[in-house]
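Mapped onto the working numbering, the consecutive letters of the sequence shown carry residue numbers 199 to 299.
FYI, nobody ran anything at the bench for these hints, they're computed from the structure.
Owing to the predicted nature of the structure, the values given are computational and were not obtained by experimental measurement.
The reader is advised that the hints may include incorrect statements.
[To be verified] In silico DSS-like pairs for lysine-lysine, Cα to Cα no more than 30 Å straight-line:
#	residue 1	residue 2
1	K296	K269
2	K211	K271
3	K269	K234
4	K211	K264
5	K296	K276
6	K211	K276
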Amino acid sequence: MLPAAYVYILTNKHHTVLYVGMTTDLRTRLWEHQQKINPGSFSTRYNVNLPIYYQGFDSVETAREKELYVKGKTRKWKEDLINSVNPYWNDLSDEIFKMNA
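From just these sequences and the hints, can you work out the full model?
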């Protein structure tokens, strides 16, 4: 069964900015970030469009709780979370776009 929702972290090409988000459709949401669909958004203004972390959840409520929890943590904590699953901060776009394709 597919996750009901995802928490994800994006960065820019220099890894100087982190963006934490939650969505029920990770592929579409990533595409929106990369296509800069929302011109005034944080991710567009700071060119934050490289996915480096994501986690699926069985419920939207649980994903939302995790999103808020991660957003409340320090950058160092977020870096440790990312490093635990993606130590080289590889761009996970291809992996995400191939999900359930």
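- prompt: When you check the alpha-carbon spacing of K269 and K234, does it fall within 30 Å?
  reply: Given pair K269, K234 holds - Cα atoms ~22 Å apart, limit 30 Å.
Given pair status - K271, K211, alpha carbons within 30 Å: Distance of about 22 Å is within 30 Å: holds.
task: Starting from K211, check that the Cα of K264 is at most 30 Å away, please.
output: 25 Å, holds
- prompt: CA of K296 to CA of K276, is that 30 Å or under?
  reply: Satisfied, since the Cα-Cα distance of roughly 25 Å is no more than 30 Å.
message: For a C-alpha distance cap of 30 Å, please report whether K296 and K269 respect it.
response: 27 Å, holds
- prompt: Are the Cα atoms of K211 and K276 separated by 30 Å or less?
  reply: Given that 30 Å is the threshold and the Cα spacing comes to 17 Å, the pair holds.
The structure shown violates none of the earlier numbered hints.
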